[in-house]
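K.L.:
Counted the way the numbering used here counts, the sequence shown spans residues 14 to 101.
Rather than coming from a laboratory, the hints here were simulated on the basis of the structure.
In this text the structure is predicted, and so the values were computed from the model without any measurement.
Beta carbons are placed, not taken as given, at the ideal position from N, Cα and C, and that holds for glycine.
Everything hinted at is true.
Derived PhoX-like pairs: lysine-lysine, alpha-carbon spacing no greater than 25 Å straight-line:
1) LYS31 with LYS42
2) LYS56 with LYS42
3) LYS52 with LYS42
4) LYS54 with LYS42
The following label-pair restraints were derived from C-beta to C-beta distances:
5) GLU101 with THR76: 35 to 43 Å
6) LEU65 with GLU101: 50 to 58 Å
7) GLU62 with ALA98: 50 to 58 Å
8) ILE93 with GLU73: 25 to 33 Å
9) LEU29 with ALA63: 44 to 52 Å
10) GLU30 with LYS56: 36 to 44 Å
11) TRP46 with LYS26: 27 to 35 Å
12) GLU41 with ALA80: 54 to 62 Å
13) ARG17 with LYS42: 36 to 44 Å
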Amino acid sequence: PVSRVVALLRDMKTNLEKEADTEQETYEKLACWCTSGEKEKSKSITDGEAHLAELQATIEKMTALSASLKVEIEALTKEIAANQAALE
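With the sequences and hints as input, model every part of the structure.
P.N.:
Here is the structure:
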């Protein structure tokens, strides 16, 4: 009976050591994945913020251009109306 208990304990010890090794490997893989994933996400965020700044600058530029073109269109519309009135 005691020898069976000792054998069971040895088997348990062996199984626990195998599980510990497996868990250690899994932990190392996940730790590597987390580290590389964090770097990738940080770079993506930085790139996205830079792109956002570029887009905001483009929007401001295009808004100014739109206002300028509206003024030009109004002036040309008035000029066309004046030219048509002069022809009549």
